[in-house]
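Protein chains: 2
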Amino acid sequence: MKKSYLLPKGFKSSGIHAGIKKGKKPDAGLIYSETPCDAVGFFTKNRLKSAHIMHAKKHMGGRISAVFANSGSANAMTGKQGIKDVENITAGIASLLKAKKSAVLAASTGKICKPLPVKSILKSLPVLVKGLSGSDKNFPKAIMTTDTTTKVASEQVNIDGIKCTITAAAKGAGMISPDMATMLVFAMTDADISKSILKEAAYDAIRISFNRITVDGDMSPNDTVYILANGMAKNKKVASKGRGYNKLKDALCKIFYSLAEDMVSDGEGSTKFIRINIKNAKDIKQAGVIARHIANSPLVKCMFFGESVNPGRIMSAVGQTFETVNLDLAVLKIGDAVIIDKGLIVMKNYAKAAKEMKKKKYEITLDLKAGKQDYYLLTTDLSIEYVKINADYS
Amino acid sequence: MKKSYLLPKGFKSSGIHAGIKKGKKPDAGLIYSETPCDAVGFFTKNRLKSAHIMHAKKHMGGRISAVFANSGSANAMTGKQGIKDVENITAGIASLLKAKKSAVLAASTGKICKPLPVKSILKSLPVLVKGLSGSDKNFPKAIMTTDTTTKVASEQVNIDGIKCTITAAAKGAGMISPDMATMLVFAMTDADISKSILKEAAYDAIRISFNRITVDGDMSPNDTVYILANGMAKNKKVASKGRGYNKLKDALCKIFYSLAEDMVSDGEGSTKFIRINIKNAKDIKQAGVIARHIANSPLVKCMFFGESVNPGRIMSAVGQTFETVNLDLAVLKIGDAVIIDKGLIVMKNYAKAAKEMKKKKYEITLDLKAGKQDYYLLTTDLSIEYVKINADYS
Numbered sequence: 317m318k319k320s321y322l323l324p325k326g327f328k329s330s331g332i333h334a335g336i337k338k339g340k341k342p343d344a345g346l347i348y349s350e351t352p353c354d355a356v357g358f359f360t361k362n363r364l365k366s367a368h369i370m371h372a373k374k375h376m377g378g379r380i381s382a383v384f385a386n387s388g389s390a391n392a393m394t395g396k397q398g399i400k401d402v403e404n405i406t407a408g409i410a411s412l413l414k415a416k417k418s419a420v421l422a423a424s425t426g427k428i429c430k431p432l433p434v435k436s437i438l439k440s441l442p443v444l445v446k447g448l449s450g451s452d453k454n455f456p457k458a459i460m461t462t463d464t465t466t467k468v469a470s471e472q473v474n475i476d477g478i479k480c481t482i483t484a485a486a487k488g489a490g491m492i493s494p495d496m497a498t499m500l501v502f503a504m505t506d507a508d509i510s511k512s513i514l515k516e517a518a519y520d521a522i523r524i525s526f527n528r529i530t531v532d533g534d535m536s537p538n539d540t541v542y543i544l545a546n547g548m549a550k551n552k553k554v555a556s557k558g559r560g561y562n563k564l565k566d567a568l569c570k571i572f573y574s575l576a577e578d579m580v581s582d583g584e585g586s587t588k589f590i591r592i593n594i595k596n597a598k599d600i601k602q603a604g605v606i607a608r609h610i611a612n613s614p615l616v617k618c619m620f621f622g623e624s625v626n627p628g629r630i631m632s633a634v635g636q637t638f639e640t641v642n643l644d645l646a647v648l649k650i651g652d653a654v655i656i657d658k659g660l661i662v663m664k665n666y667a668k669a670a671k672e673m674k675k676k677k678y679e680i681t682l683d684l685k686a687g688k689q690d691y692y693l694l695t696t697d698l699s700i701e702y703v704k705i706n707a708d709y710s
Numbered sequence: 317m318k319k320s321y322l323l324p325k326g327f328k329s330s331g332i333h334a335g336i337k338k339g340k341k342p343d344a345g346l347i348y349s350e351t352p353c354d355a356v357g358f359f360t361k362n363r364l365k366s367a368h369i370m371h372a373k374k375h376m377g378g379r380i381s382a383v384f385a386n387s388g389s390a391n392a393m394t395g396k397q398g399i400k401d402v403e404n405i406t407a408g409i410a411s412l413l414k415a416k417k418s419a420v421l422a423a424s425t426g427k428i429c430k431p432l433p434v435k436s437i438l439k440s441l442p443v444l445v446k447g448l449s450g451s452d453k454n455f456p457k458a459i460m461t462t463d464t465t466t467k468v469a470s471e472q473v474n475i476d477g478i479k480c481t482i483t484a485a486a487k488g489a490g491m492i493s494p495d496m497a498t499m500l501v502f503a504m505t506d507a508d509i510s511k512s513i514l515k516e517a518a519y520d521a522i523r524i525s526f527n528r529i530t531v532d533g534d535m536s537p538n539d540t541v542y543i544l545a546n547g548m549a550k551n552k553k554v555a556s557k558g559r560g561y562n563k564l565k566d567a568l569c570k571i572f573y574s575l576a577e578d579m580v581s582d583g584e585g586s587t588k589f590i591r592i593n594i595k596n597a598k599d600i601k602q603a604g605v606i607a608r609h610i611a612n613s614p615l616v617k618c619m620f621f622g623e624s625v626n627p628g629r630i631m632s633a634v635g636q637t638f639e640t641v642n643l644d645l646a647v648l649k650i651g652d653a654v655i656i657d658k659g660l661i662v663m664k665n666y667a668k669a670a671k672e673m674k675k676k677k678y679e680i681t682l683d684l685k686a687g688k689q690d691y692y693l694l695t696t697d698l699s700i701e702y703v704k705i706n707a708d709y710s
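Line by line, the protein sequences give chains A and B. Each residue of the first sequence is one higher than the one before, starting from 317 at the first, in this note's numbering. Each residue of the second sequence is one higher than the one before, starting from 317 at the first, in this note's numbering.
Keep in mind that the hints are not guaranteed to be accurate.
A pair counts as met if it fits within one copy or between any two copies, since identical chains are not told apart.
The calculated lysine-lysine pairs, modelled on DSS-like cross-linking and capped at a C-alpha distance of 27 Å, are [unchecked claim]:
1) Lys595 / Lys430
2) Lys552 / Lys668
3) Lys373 / Lys658
4) Lys664 / Lys427
5) Lys570 / Lys414
6) Lys598 / Lys416
7) Lys319 / Lys570
8) Lys668 / Lys338
9) Lys318 / Lys552
10) Lys668 / Lys704
11) Lys430 / Lys685
12) Lys400 / Lys563
13) Lys515 / Lys361
14) Lys400 / Lys677
Treat the hints as calculated values from the structure; they're not laboratory data.
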């Protein structure tokens, strides 16, 4: 797995400034495939949904030639006009690409309630289309909001002697949470794979990556993962679960996990990257609930930021879940230092735990001794910078 | 209702420094009633519970003469030793007061995992007992942790020509949330009221006060409300629900609501006091879930702190609840300014909303048009100071 943006065969992309954001930063991007693709999409569970999601759900069934993406406006809470805006923009792109109107999807990210500046975008579309290139590096920049770095990953696998490429670009940073974290992800592959099992592979990859991260516990109306497959590698079509499928799925898992890590590392104002391991929970639901309660507790997050060993806050967060665990059996480690053993603090390991907490990246492990289910969740601290970013955002 | 600490007839209290906190601030307090009291108690629902709660649950059935309180240590996650410590301290007090051992309760607040310095406390008990006075002002100070002010309230009511007093002292500030907010409350009355209906009145008063506040969504292992009634006003015993009961209940409601307001106003690092009104929810569960999602969203809280009009964050928080509400019908007001109408932003009221958000104290009102249930929840912003306090706490 490489942290690079290597476009698979037949894919081109571009990114320009289209007048959505102030200044001159790229805010509009386009992905295009020479051959129409099978496309699968996964969307936010927030009941408030961006207009692009309503639009995409109508068109995901057919084959897809292009995806328009923008930052600077979420196009959420923009009513019927918001949906018309998506239709106008995607129709404009379809006309320039000589594609079917229904073959162009969209994805927006940015401020809620802010309508898209459609006139300005429509005027920019010819430049956006003209910029399409197989060696483009601007698309990953065009989707950034409060991200401080682009997020890309690429992997190549050999399917029956044919090299197939999977590449994805993502944005994260804020409103990162439950279930599918807040983000846009655009994955492309030239592998020939049937749509139904591509969807299964993508679902499995999302489950252990984007569904395992939380920055602030807030879920956005825009979360979207698109996966496009154009088959241009001309491998023997992967139509069932076997070696080829497993290779592609493993590659997708690696790419998505890497992007998930990138999102957490670049979480708004974050100074820490924490992996929370839950061991021996009763079941996956219990493990997930407990991990999220720990990760989303403001007091725990401030403790991470302050590098202060205060394991009582973690255990108190666990106690709030009403999950039936016996806290008198629990063992909590910070890095390798056992800091809670059978529910009691282990003072002799305090210094070792304190040293671990000074690291930029570390793990905490809670053994619940309640069953056999393990789990993990990636999260950040709550910093002064997070508050500053989100107080001044508008 | 007066914000004063007027001890009811027969009650005395005291507060001293007993070596639990660094420095010289009061950290141990005592409440004593000349006549043993009927006592009712309400405790945290966190599965992690302070030792004082385990101890109190054993003894709440009998009559109570005194309550010991301390700040500086939560005596939580302290195992069997923690319970022994409570037993030793309450036994020491009982012996000095010539009361039954089982007639002394305790309540702790402060850092989790930190054992009580029992030797130092036992040595201080004679001074604490000697300090008992009907005009004491130190008890409310002794229970403060990150509180910046004492929290007291008092009300007098006339029961069949007899003046009865109800007074309470409280602490709040951090770990303030779900269900019963994080806090200690000590209420005393000289009214003669039967224990069973005192419990009902207290429950009703808690439901609309301490159960309606959230600072950070974190629930502590220590939350405790004690209500002591010694009957020394010698009114005709209030034994059933009638005029006398209603007067006492109303007084308790006023006192508890006032203390709840004080806790939120003094929430850790808070710069804003926000009352979230939910109108026309389907039912009380829906209203509560939605109000708490709004109040506990870090993005919404940062918006309050930053005084920025970003109502999409509020609607996005509502969308995360999975409650079946039609967001296209919702009306959101900031103060009197309608900022979302039928799911769409009302730009002409932006300036008015912005002006409201500059106030220290204001209300937001979300009309869900889903039913007939109204609700409210008191909360704060998330400030840079909150992060500082909780990063440096240990």
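For each hint, the structure was consulted:
1. Lys595 / Lys430: Between copies, since 26 Å is at most 27 Å while 43 Å is not.
2. Lys552 / Lys668: neither (54 Å within a copy, 63 Å between copies)
3. Lys373 / Lys658: between (50 Å within a copy, 23 Å between copies)
4. Lys664 / Lys427: Between copies only: 18 Å across, 48 Å inside.
5. Lys570 / Lys414: neither (35 Å within a copy, 70 Å between copies)
6. Lys598 / Lys416: So Lys598 and Lys416 fail the 27 Å test inside a copy (50 Å) and across (44 Å) alike.
7. Lys319 / Lys570: For Lys319 and Lys570, the Cα distance is within 27 Å only inside one copy (11 Å; across copies 61 Å).
8. Lys668 / Lys338: So Lys668 and Lys338 pass the 27 Å test across copies only (25 Å; inside, 47 Å).
9. Lys318 / Lys552: within (25 Å within a copy, 82 Å between copies)
10. Lys668 / Lys704: Between. Shortest inter-copy distance 24 Å satisfies the 27 Å Cα cut-off; intra-copy 32 Å does not.
11. Lys430 / Lys685: This pair counts as between: shortest inter-copy Cα distance 24 Å, intra-copy 49 Å.
12. Lys400 / Lys563: Classified as neither; 40 Å inside a copy, 59 Å across copies.
13. Lys515 / Lys361: This pair counts as within: shortest intra-copy Cα distance 17 Å, inter-copy 42 Å.
14. Lys400 / Lys677: neither (45 Å within a copy, 39 Å between copies)
Hint compliance for this structure: hints 2, 5, 6, 12 and 14 are broken, all remaining hints hold.
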